[in-house]
Each structure stands twice: as C-alpha cells, then as structure tokens.
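Take the given structure of chain A and dock chain B to it, following the hints.
2 protein chains.
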Amino acid sequence: MGPGPVNADPRVLRAMSAPLIGQYDPAMTGYMNEVMALYRGVFCTSNEATLLVDGTSRAGIEAAIVSLVEPGEKVLVPVFGRFGHLLKEIAERAGGEVVVIEKEWGQVFTLAELDAALAAHRPRLLALVQGDTSTTMNQPLEGIAALCNKHGTLFYTDATASLGGNEFLADAWGVDAATAGLQKCLGGPSGSAPITLSEKAVEVIGARRHVEAGIDDGSAPRGIRIASNYLDLAMILDYWGPKRLNHHTEATSMLYAARECARLLVGEGIPEAVARHRLHGTAMTAGLQGLGLQLFGDQAHRMNNVVAVHIPEGVNGEAVRSALLNDYSIEIGTSFGPLHGVVWRIGVMGYNARKDAVLLTLAALEQVLRAAGAPVTAGGGVGAALEVYEAAG
Amino acid sequence: MGPGPVNADPRVLRAMSAPLIGQYDPAMTGYMNEVMALYRGVFCTSNEATLLVDGTSRAGIEAAIVSLVEPGEKVLVPVFGRFGHLLKEIAERAGGEVVVIEKEWGQVFTLAELDAALAAHRPRLLALVQGDTSTTMNQPLEGIAALCNKHGTLFYTDATASLGGNEFLADAWGVDAATAGLQKCLGGPSGSAPITLSEKAVEVIGARRHVEAGIDDGSAPRGIRIASNYLDLAMILDYWGPKRLNHHTEATSMLYAARECARLLVGEGIPEAVARHRLHGTAMTAGLQGLGLQLFGDQAHRMNNVVAVHIPEGVNGEAVRSALLNDYSIEIGTSFGPLHGVVWRIGVMGYNARKDAVLLTLAALEQVLRAAGAPVTAGGGVGAALEVYEAAG
Numbered sequence: 001m002g003p004g005p006v007n008a009d010p011r012v013l014r015a016m017s018a019p020l021i022g023q024y025d026p027a028m029t030g031y032m033n034e035v036m037a038l039y040r041g042v043f044c045t046s047n048e049a050t051l052l053v054d055g056t057s058r059a060g061i062e063a064a065i066v067s068l069v070e071p072g073e074k075v076l077v078p079v080f081g082r083f084g085h086l087l088k089e090i091a092e093r094a095g096g097e098v099v100v101i102e103k104e105w106g107q108v109f110t111l112a113e114l115d116a117a118l119a120a121h122r123p124r125l126l127a128l129v130q131g132d133t134s135t136t137m138n139q140p141l142e143g144i145a146a147l148c149n150k151h152g153t154l155f156y157t158d159a160t161a162s163l164g165g166n167e168f169l170a171d172a173w174g175v176d177a178a179t180a181g182l183q184k185c186l187g188g189p190s191g192s193a194p195i196t197l198s199e200k201a202v203e204v205i206g207a208r209r210h211v212e213a214g215i216d217d218g219s220a221p222r223g224i225r226i227a228s229n230y231l232d233l234a235m236i237l238d239y240w241g242p243k244r245l246n247h248h249t250e251a252t253s254m255l256y257a258a259r260e261c262a263r264l265l266v267g268e269g270i271p272e273a274v275a276r277h278r279l280h281g282t283a284m285t286a287g288l289q290g291l292g293l294q295l296f297g298d299q300a301h302r303m304n305n306v307v308a309v310h311i312p313e314g315v316n317g318e319a320v321r322s323a324l325l326n327d328y329s330i331e332i333g334t335s336f337g338p339l340h341g342v343v344w345r346i347g348v349m350g351y352n353a354r355k356d357a358v359l360l361t362l363a364a365l366e367q368v369l370r371a372a373g374a375p376v377t378a379g380g381g382v383g384a385a386l387e388v389y390e391a392a393g
Numbered sequence: 001m002g003p004g005p006v007n008a009d010p011r012v013l014r015a016m017s018a019p020l021i022g023q024y025d026p027a028m029t030g031y032m033n034e035v036m037a038l039y040r041g042v043f044c045t046s047n048e049a050t051l052l053v054d055g056t057s058r059a060g061i062e063a064a065i066v067s068l069v070e071p072g073e074k075v076l077v078p079v080f081g082r083f084g085h086l087l088k089e090i091a092e093r094a095g096g097e098v099v100v101i102e103k104e105w106g107q108v109f110t111l112a113e114l115d116a117a118l119a120a121h122r123p124r125l126l127a128l129v130q131g132d133t134s135t136t137m138n139q140p141l142e143g144i145a146a147l148c149n150k151h152g153t154l155f156y157t158d159a160t161a162s163l164g165g166n167e168f169l170a171d172a173w174g175v176d177a178a179t180a181g182l183q184k185c186l187g188g189p190s191g192s193a194p195i196t197l198s199e200k201a202v203e204v205i206g207a208r209r210h211v212e213a214g215i216d217d218g219s220a221p222r223g224i225r226i227a228s229n230y231l232d233l234a235m236i237l238d239y240w241g242p243k244r245l246n247h248h249t250e251a252t253s254m255l256y257a258a259r260e261c262a263r264l265l266v267g268e269g270i271p272e273a274v275a276r277h278r279l280h281g282t283a284m285t286a287g288l289q290g291l292g293l294q295l296f297g298d299q300a301h302r303m304n305n306v307v308a309v310h311i312p313e314g315v316n317g318e319a320v321r322s323a324l325l326n327d328y329s330i331e332i333g334t335s336f337g338p339l340h341g342v343v344w345r346i347g348v349m350g351y352n353a354r355k356d357a358v359l360l361t362l363a364a365l366e367q368v369l370r371a372a373g374a375p376v377t378a379g380g381g382v383g384a385a386l387e388v389y390e391a392a393g
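Quick mapping for you: the protein sequence lines, in order, are chains A and B.
Numbering of the first sequence is given in the UniProt record's numbering, commencing with residue 1 and proceeding in unit increments.
Numbering of the second sequence is given in the UniProt record's numbering, commencing with residue 1 and proceeding in unit increments.
Isolated chain A, as found in the complex (with noise of 0.2 angstroms):
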C-alpha cells in the first residue's frame, strides 16, 4: 500500500509464465499490435504511434525527451514535486535549454502561470508531470495544448503514476506525448513502459531521423541525431510499425505483461477504473481523518491513487512503517526532500484498489499507532472507510 511500485494483479503474473515465442513469428506480430490497440483504449486516444519501451518507467521518459528536443531547444519544466527534478535533468542531459517554474509541494500550477510561463520562453517543449506521488498532487491537463499551440510548443506528459487511476485523455486534452509504467495503477511491474505520440511528435522525431535499421548510412537529412540508439523512438517506431526493422530484441515477456495489465483495465473500462480508483482512494483519505490524522496536501488535487498523512507528532514514522510490514505484510511509503519525515504516502491503486486492502490497512495502522502511544480515535478509520462505502451503494 505505498505509492508504487505496487504487489502485481496475479493475472498479470500468470501472463508472464507464458512460453517465450520468436520475435518475427507472426503470433508476435500479432502481439504486437494487440497492445498497440490496447494501450490506445488506456491513453485514450487514436494515435497510431502506441507501443511499449523496453524499461522502466524512467526509460519512457528518457526516450520521450531525447528523441522530442534537440541540443539547444528549449524545454520548459513546471516541478511542482520530485518527478519535475527529474524532467528536468534528463531534458538538461539531453542538451535541452531548461527553463523550470516551481511550485510550493503540495499545490498544483493554475492554467494562468503555464500560459505566462509559455508565453514568456516560447519553448520546443513543455514538459509536465501529471500524477506526481511525491505530493500526491495531479495536475489538471486541460486546456493546455492549447497554450501550447500558440507557441508551438510539444506538450508531453509523464502518466507514470497516474494513469488507469485519474482521467487521462491523450486527443481530448491535445497531448503530443505521454508515457507510462505499469507498477502503478495498472497493476503489473516495473519494467515496460506504455507511450503515446500524436502525429506531430511523430513528425518531429521523424525529421531527426539518421539511420535506418540500425547501421549508420552516413546521410543525415535534417535535425540533430538522436543521441541514444535504445531510446531512438524513431527506430522503435519502425520496429513497432508495418515495416518490421529490427532494432532490440523485444522483451517479450514484460510484454505479456504489460497486454494483461491492458486487457483487464480495458476490461473493466477505464472510467470504472478510474471510478474504482477514486472511490477506493476516498474511503483510505475518509479512514485516515477519522484515526484523526491530518492530510497534507490540495486535497481537491490529489490524486485518486495515493493519499499523504501527517505523522503524529511524537511517533516514530520509521518504526511504524517497519510494524506495519513486520506485522502485517502491509508497505507504506516514506517520503522525499521537504516531506521526508513530515508525511506517510498511501497507495491504493492497482490491484490493491480493494475494498479489504484499505480497511485492513486502517485496522491495522490504527493497531500500530495505538502501541506507540499515539492518540487515535478507537474504530474511526474502519468506521468513516465503510460509511464511504456504504454511501457509495
């Protein structure tokens, strides 16, 4: 029950189990393009450049900023928690011109300061966490691109902790790039990342192309080369695409893996999930007020899937996380920079956005909390966790 990466949907690791096959057999085609329509039901949208990235999470983002920006472009970073940092840096390595406008953690930006932000550096592109787990803040994404447009600026998102638990919608909302990772609310692990690029992005990551199926050519057309070979999406894209070209030998099964996390959120629906999301989400933030504990954060930006909590003053955070999961195999979060110390993070995504993961994680916190000495209220977690519920019907 921390913030991610998250205990798997057990389907999810059947699916791996599954026999390896070749990667140029006609059923891995076939695979293939199953995930590419699969994933294009969880970003919603109708990009055609939808696929999946052999890495983490981080590896989705490097290959997202590193094929968009070319040394020298301009990149305009708002960090409002530790995942903007790392925007950041990698844009920096990149060889992007960073520009970044902060906000206090806990806080999300309004459309007003993007849009002065954007008119004032006119960057290649802007770069915005969506779900940030370290404030447990979401940022709104509407209305975006179309500041973006002015400046033609590219609007790439990172959904890694957000997505399949939040609204997320690639067309509507105009995103150029969004990427993804399973351990959070898709219930799967680390280690494939989900991408979408509308047309434009395909354009422009088309346009920096320089060699074609792995050997150098010795031409290069126009724009700068792309730095990294494995995070090349021009070449990824080929090799995703119609034309087949090899470039890595996909990891087939993080690939059965991420195809069953789709399916069952696709399954499901992705605005029941994100339903699911929100009402599991609730019921945790309702328990953790009626322990008598103190939320930190906008709450009216949180994020569905991940709660933040003052520690009581005069308790150990350290030693409860420990109880916790010595006692009852239940992991909550420690926090980062500002927060480190100050706040608990409680996941409820995934495969844990269950009814019984949240009032035995209330149960049992109430029963730590209670042995260290901490004043809380007898039954008030479990008790304001099932009147959510039962409001919910």
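Keep in mind the hints are simulated off the structure, nothing from the lab.
There is no bait here: all hints are sound.
Since the list gives no way to pick out one identical chain from another, each pair is judged satisfied if it fits inside one copy or across any two copies.
Using 25 angstroms as the maximum straight-line C-alpha spacing, the simulated SDA-like pairs for lysine to any residue come out as follows: (1) 74 to 95; (2) 243 to 46; (3) 243 to 324; (4) 74 to 225; (5) 355 to 382; (6) 243 to 325.
Chain B only, in chain A's frame:
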C-alpha cells in the same frame, strides 16, 4: 532453435510469477545482493560492480559505452559482423570518435591485427563483440587486455550471445566491462542486461559523476556529464551499491528471471554449462554435415551455441523456415546483410541445448528438405549427431 532469443527455461518463467515486493524492502536488498554474487560467478569475476541494467541487452551495451566514453574520445570498434556495426553506431551517438577495422564475415581478428590497430589509434576504449550471431563467430579475447594496457585503453566486450555457452573469464582476460542478456545461453527472456565493471572502469565512470540522487546539484567536478540518466552507470551503481540511492524502480520480475537464470547456470557449473553447449552444438554441426549440408565460416572459431549452414541451391530458404515453424513449431534463423538468403542460422543454446531438441530439429529439417526436393543423405543428420553423443559417452 534460432540464433536467439530462444524459448526460456520453464523454471525461469515460473520464477517471474513470484509476488512483487517493495524496492526498499530488506528482502529486495537481499535479492539484489544475491543477483550480484551470482553474476560474479557467471562472468568469472570478483568485480564488486556486477549488476543488472533494466532493459534488453542493447540497453546494457549503451549503458557501458555512454558511461565510459566522453564526447570526442576515440573508440576502436573491430567489426566482424552485424553487432560490431551496432557498437560503432552507439559509440558514435555517444559522441565518440569511432575508428573501425573490418573483417570478412565468417572470420575473427588475430591478436596482431588488434595490436596494430590499438597502436595506430591509441583509443580510450576498445569495443569488441565476443560472439556475433550474425556470422556465428566467437572472437578470442585472451591476450587483448595486455595490448590495451600499453595504450591506456579500456577493454569492453559485448558477450550477449556468448555468455554461459562459451568460455568467458572477465578477470583472467582483464576485461574492464562486459555486458550480456538473458535470451541466449542464459535461458531467459530478453529484458534484463547483466553487466560487470572492473575497478578501473568504475573509477572512470565515477570521474564523470555530476549528480547525486537524481537531482542536479550544479557541481561538475570533472569529466563531461553522462548524456543519459536512465543508462548512467554511476547512478545505477549507487542504486545497487550499499548507498541504495533511488534511481529507476527496479524491474522486479525481470530481476527474478535474471536471478533464476544465474542460479541454474551456477548450479550446473559454468564450465559444465559451456561443455554442454559445446557438446550439443557439435552434435548439431555434425548432423547438418551428415545431411550433406555445407557449414559457413571459420569452424575453429565458431560459437558453441549457433551454427550457420548454407541453404542448398534451388531451395527456398524462407519456405523451409515456415514449414519448420508451422509443422514442427521449430524456429530457425534467417540471416542479415551479405548472408541474407545464403545461410540459415541454427541455435543450440540455453534450455534448448538438449539432445532431444537437436535430434528433433535434424529429423524435421531432413523431412522438410526432402519435401522441398533437396538432395539430403537419408538419416544422415540424426545418425551423425548420435555418433557425437556416443563418443561423448
């Protein structure tokens, strides 16, 4: 029975179904340390810096090169097949000044040829493939480190296709960096790249350290910052090392797979595993000759785990491959570049380095070739293979 990826050992697939645990769960730290120890055994090294890169074998290659080579530094790449071209391309993208020497496909370099090129160019890095499946050749590596040491050259080798099935002695041969993958002789799925680094390599990478813990601190002590965050081995070393600094979220299921691959191999014994690949590779080779087919390449330097055989005149190579796949569920490999349409590549590696797999493949190939009207020696394939097995006792 292709040149890889091959079907994984069922025990490895089963290992991937184990429940996930948190990244900082003490049990997870134990697993990571166990993986490091196991791969020291596989690479025959005492290198502390022996770990996994989360991605396919290509990610491991790029991590090694981008972390070791600074822009403008000279890299010598001896090319004797397709994967030499890949090392060249990755080194170029990393900003290296790449010098290539080439060998006809089907041959390997002599020590004298490598010595002459090292003396002429005095590169920062020698990047050399050990086993190149495109030609089936296995480049001897003994004696090269001494040549490198004369010029202060670091010695990197890509052992993706060879490790576990051919002798590899990182310490005895003085290799500074070596990378691999699971999908060849290790009998696992693609998606995790074992890597080992000498103390000298770790020192060179450490000198390029620019950031700690993922957040830019503004100080660049020396060296040019590594252009990738995801493949920055300095940061990955801190993640795997005693500091356990947060970097990517470890791909836990792939770590389970990598652990199981190494456990099986170390349990068998590395010399024993190499001998097994040699035996079954020899049986396959004898069988192909027994059918009356012609082998390709310098057989004295062939990898144990893959053999290239000429497609008989008048036979449609792709039709034979399709018939094997559709009628027998056996995949054999096509070829690249100058060998495309000229040879098939047949692998005998990992879980498939077994007598039954060799015999069935030879029997099936005989049937399909007969059906295609090709002249084959009746029973000659299986017969010759059985003689190899009998001679081995």
